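Visitor: Sequences and hints are given; from them, build the entire structure.
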Amino acid sequence: MSGSVEQRLRAEAEHCYQWSNGPGAEYAVHTHPYRKILYVERGGITFTPTAGAAIVMRAGDRVDLPANTPHGAVVGSDGVVCWEGRAKAAEP
1 MSGSVEQRLR AEAEHCYQWS NGPGAEYAVH THPYRKILYV ERGGITFTPT
51 AGAAIVMRAG DRVDLPANTP HGAVVGSDGV VCWEGRAKAA EP
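Residue 92 is where the sequence shown ends in the numbering used here, and the numbering goes up by one at each step.
Calculated directly from the structure, the hints in this document are not laboratory data. Remember, it's a predicted structure, so these values are computed and weren't measured experimentally. Cβ coordinates follow ideal geometry from the N, Cα and C atoms, glycine included.
So the derived label-pair ranges between C-beta atoms look like this:
(1) 62 x 30: 18 to 26 Å
(2) 66 x 19: 14 to 22 Å
(3) 67 x 23: 26 to 34 Å
(4) 90 x 20: 29 to 37 Å
(5) 22 x 90: 30 to 38 Å
(6) 29 x 62: 17 to 25 Å
(7) 14 x 68: 12 to 20 Å
(8) 86 x 61: 12 to 20 Å
(9) 7 x 51: 25 to 33 Å
(10) 89 x 22: 29 to 37 Å
(11) 18 x 46: 18 to 26 Å
(12) 90 x 26: 29 to 37 Å
Guide: Put into structure tokens, the structure is as follows:
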């Protein structure tokens, strides 16, 4: 993979930001009204969509969550640092 996680995300998304959390942190089931793109920079996290299998992510992994997808998450034992943003609108 070439370029930093931030550079790769900014090429395909807007309103990009970095966030982190400690080991075992949990996110309750929620949704986003936009298509969310997320890259794991360090550590790991498991996304738990209410429909479908869990998505286990480690450093370098990317996920694309469609708008309004109910999901929760649990941070791995090493904590996690992620970059996420809203997918850019498709050009006509």
